[in-house]
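S.K.: This is what each chain is made of:
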Amino acid sequence: MEYLLSILVLCSLYVMLSSSFNLIIGYGGLVSVAHPIFFAIGAYVAALSAIHFGLPAVPAVLLGGAVAIVASAAISLPSLRVSGDYLLITSIGFQLGLLQIIKNLEITGGPGGLSNVPGTITGALRSPAFAAISVLLAAATVLLIRWLMRGPYGRAITAMRDDELAFTALGRNATHIKIVIFALGSGMAGIAGGIYAFFYQYISPEQFEILQSALILTMVVVGGISTTWGPVVGAVLLLALPQAITFIHMPPNVAGGLQGVLYTLLVLIFMFARPQGIVSAPRTQL
Amino acid sequence: MSAVVQIDGLSKRFGGIVVADDIELTMKRGEILGLIGPNGAGKTTLFNLISGVVTPDAGTILLNGEAIRNVKLFRRARMGVARTWQNMRLFSSMSVLDNLLVAPRSYPGESVLQVIFAPGAVRRHEDEMRARAHAILTRMSLAALANRPVTDLPFGRQKLIGLARALMNDGDCLLLDEPMAGVEGEAYETMKTVVRQEAAGGRAVCVVEHNVSFVKDLCTSAIFMANGRIIERGSVADLLASSTLAELYFGS
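Residue numbers (this note's numbering), protein chains in the order written: chain A, 1 to 286; chain B, 1 to 252.
Check each hint, because a few of them may be wrong.
Take a look, some chain B residues computed to stay more than 12 angstroms from chain A by CB distance [claimed, not checked]:
1) P38
2) E198
3) G202
4) V236
So the derived list for chain A, only partly shown, Cβ under 10 angstroms to chain B, looks like this [as the list claims (entries may be wrong)]:
5) E2
6) S49
7) A140
8) L143
9) Y153
10) A159
11) R161
12) L170
13) L184
Here are the simulated distance ranges between beta carbons [as the list claims (entries may be wrong)]:
14) G202/B - G151/A: 31 to 39 angstroms
15) G97/A - G202/B: 37 to 45 angstroms
16) F155/B - V261/A: 46 to 54 angstroms
17) E209/A - N87/B: 41 to 49 angstroms
Rather than coming from a laboratory, the hints here were simulated on the basis of the structure. Quantities reported herein were computed from a predicted structural model and do not represent experimental measurements. Glycine is no exception: its CB is placed at the ideal position from the N, C-alpha and C atoms.
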């Protein structure tokens, strides 16, 4: 039961990550690889403010999200004002650079990370409580994005992705919209990071490596890019699959390699058989 | 009649090529100005300079007396510069109605804060714009197609939708880039009627067009351009009778 609940927490957090990344890369058409670092910013800010300033969990998590939003503006403001292409380059530098700093600072615990994050909730109900909070937050993330995309804001985003020049010439501020989408998506990743830190009570830089963005991107693509439910399906599938493998008893050195092979195989199969993902986007929003 | 757009000494070069050379022109309320000339004359570039897609090297552009040379593209649209594109540039994954709904000068729905904290105001604006879009589509006999994906429609209809989208901007300046290219039959008549109505309604209209009979029927005056320069200006009849024009257009 404990094991299943912890998987439920992890699934919910990855649903938040994949849905918010879908907002950025799918709906917004903004190519970035820095999603794991915003997850990390949320986790480290929440953990550090709880450890050093005794901040309660709720404001600590919110602060993590807020810092992620501010950090996102630091890279999107300069790069999106020039052209969208610069975002990819800046995001690579930001992801690698900031993680390197985290690995080397004393306050973040260096490569060993932070292992003294307060537990917040204690007792037998700890895991069920975290599971409930995570599921609710994941649902809120998915529904908020769905609600935004179905209204006038979503219409503007879709038009911008279809033809940015025509969109701008109609009087719409494309740069502003991109910066906001990037901030929203990054803030959601930051919130997920805060929950992650409080639940596991241990965070280390290797959990936020750039390879994580390949995993999140795979979730989005396999599930169905630019759809509400695609990233949800993708996240659950890609997290459940390796867990399922662990039930088949085989030597760990074989199982570890098999996971990587499975991810790659999955992406290859989808590229050829169903490039639109499991959940396909409607051709027209009516 | 007051000048809506007043251009003076406008110049632009791309590398060694002069695409706009000391352009001077005035667009007035109620007038339909025809812009004619061979391909590469700089007609579309002139539209790009007026609407703000391209920044000029020199010269002034006044919109209702206000200098807009350094005003950004999206702000010029909000100030009332509406335009269409030669190749339409419709939003291909969206319906006809949604194409129109993103086009008004003010669009509170593009701000997340307004969407979340002032949903009532956003909804009222949306309802208003939906009504305006339906009125425009009805004028063009396209109301029945409002919910169809734009890419499902034939070329002539898509051209009309390009115009309809520009008309969602109720500003004073309307720039139409080859509205008639590839348009025939019923759509042709609709286009003509609507453009005439818009001018009569008080807009200053400028049309880039190769279709001579359309220019003759519609335009109150015309400008002939070649190599980024204005060669001649005057009434459409005078221009069409000019020998310089025939020479530049068809070769001597």
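S.K.: Now tell me if each hint is right for this structure.
M.R.: Evaluation of the provided hints:
1. P38: holds (25 angstroms)
2. E198: holds (17 angstroms)
3. G202: Answer for G202/B: holds, closest chain A Cβ roughly 20 angstroms.
4. V236: Per Cβ check, V236/B is outside 12 angstroms of chain A; nearest 28 angstroms; holds.
5. E2: violated (38 angstroms)
6. S49: violated (26 angstroms)
7. A140: violated (13 angstroms)
8. L143: This hint is violated: L143/A lies away from chain B, its Cβ roughly 13 angstroms from the closest one there, beyond 10 angstroms.
9. Y153: Cβ of Y153/A sits 5 angstroms from chain B, so the hint holds.
10. A159: With Cβ-Cβ at 4 angstroms, under 10 angstroms, it holds.
11. R161: holds (8 angstroms)
12. L170: Hint holds; L170/A Cβ to chain B Cβ min 5 angstroms, cut 10 angstroms.
13. L184: Interface hint status for L184/A: holds (7 angstroms vs cutoff 10 angstroms).
14. G202/B - G151/A: 31 to 39 angstroms: With Cβ atoms ~33 angstroms apart, the hint holds.
15. G97/A - G202/B: 37 to 45 angstroms: violated (56 angstroms)
16. F155/B - V261/A: 46 to 54 angstroms: Given range 46 to 54 angstroms: holds, Cβ gap about 49 angstroms.
17. E209/A - N87/B: 41 to 49 angstroms: holds (44 angstroms)
Violated hints, listed in ascending order, are 5, 6, 7, 8 and 15; each of the other numbered hints is respected by the structure.
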